[in-house]
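Undergrad: Sequence:
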Amino acid sequence: MGLSGVGVAWRTTGVAAIALVVLGCSGSSPTPGVCSRAQHLESPEPDVTFASGSITAPTLDALVCGVTVKLISDGADAFLCQFNWDAEQPLADFQAPPAATLGLLEANLGVSALTPGSYSSLDGLCGSVSFDYHFPVVPSASCAGAVVPCPAGCAPSCADGSCDGCTQFKSEQIFDARGASNCVATTPGQPVGLWILSLSSFMPAGQGYAVHGSLLATLSDPFGPDTASLAFAF
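Letter by letter, the sequence shown follows residues 1 to 234 in the numbering used here.
It is worth saying that the hints were derived from the structure and are not from the lab.
Backbone N, C-alpha and C define an ideal beta-carbon position, used for all residues, glycine too.
Check before you lean on any hint, since a few could be wrong.
Restraint-style ranges between C-beta atoms, simulated for each label pair [said to hold, decoys possible]:
hint, residue 1, residue 2, range
1, E45, D226, 46 to 54 Å
2, V138, S162, 35 to 43 Å
3, T59, L114, 38 to 46 Å
4, D123, P156, 42 to 50 Å
5, E172, P116, 49 to 57 Å
6, S171, M203, 25 to 33 Å
7, P98, S201, 15 to 23 Å
8, P97, H212, 13 to 21 Å
9, S73, S200, 16 to 24 Å
10, D74, S162, 40 to 48 Å
11, G117, C163, 28 to 36 Å
12, V138, D77, 23 to 31 Å
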C-alpha cells in the first residue's frame with residue numbers, strides 16, 4: 001500500500017478514534033473529553049462553534065474545552081478553519097503535569113472546498129497546529145512571601161512596579177504540526193507532524209460559516225524527541 005492508501009486508512013480509523021475518545025465511549029470514568037469545570041460556551045458570534053477534546057504526550061495529559069472554531073474565506077477560492085484558545089481564560093484540566101498553568105492552542109488549516117470530507121497536511125494543504133503551556137520547573141518550591149534573591153525554584157515577580165517578590169519559576173513546552181506553509185506566511189517551510197481535519201457539516205453564518213467535525217493531529221516538540229496526540233470534536 002502506498003502513502004495515499006495509508007493516508008485514507010488513517011483518516012478512516014482516526015475519525016473513529018476521535019469519536020471514541022472525545023465523546024466518551026471508552027467506558028472509563030471520568031468521561032474522557034469532558035472538562036470538570038463549569039463551561040459557559042455561549043457563542044459570541046453566529047459563525048463560531050466550540051471544540052473540546054484531549055492532548056497527550058509522555059509528560060502531558062490534558063482535557064481542553066472552550067476552543068473556538070471558525071471557517072472563513074481566505075479570498076482566493078479557498079478557506080481557513082481557525083481554532084483559538086484564549087490564553088487569559090484557559091479551559092483545561094491538566095492531569096499531567098498537575099502544576100501546569102495557562103496554555104494556548106492555535107490552528108489555521110487550509111480547506112480547499114466547501115464540501116464535507118477530510119482535509120489533511122498529507123494532501124499538501126497549508127496549515128499549522130500549535131499547543132503550548134507553562135509549568136513550574138520545581139512544583140514543590142515554596143515562593144510565597146519570599147523576596148529577592150529568590151530561593152531555588154523561584155524567580156522574581158514584578159507587580160505594582162516592584163520586582164522584589166518571588167513566584168514559582170515557569171517553563172514553556174511547545175508542540176506543533178505544520179504543512180508546507182502555515183497558510184499565513186508566504187514563505188514555504190519544512191513540514192512537521194500531521195493534521196487531519198474532517199468536516200461533517202457547514203452552513204453560512206455571520207461573516208463566515210458555522211462548521212462541525214473533528215481534528216486529529218500528531219504534534220512534534222521542536223526542541224526534543226517527544227510527540228503529542230491531539231483529538232478534538234466540534
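Undergrad: Of all the hints given earlier, name the ones this structure violates by number, lowest first.
TA: Those not satisfied are hints 1, 2, 5, 6, 7, 8, 11 and 12.
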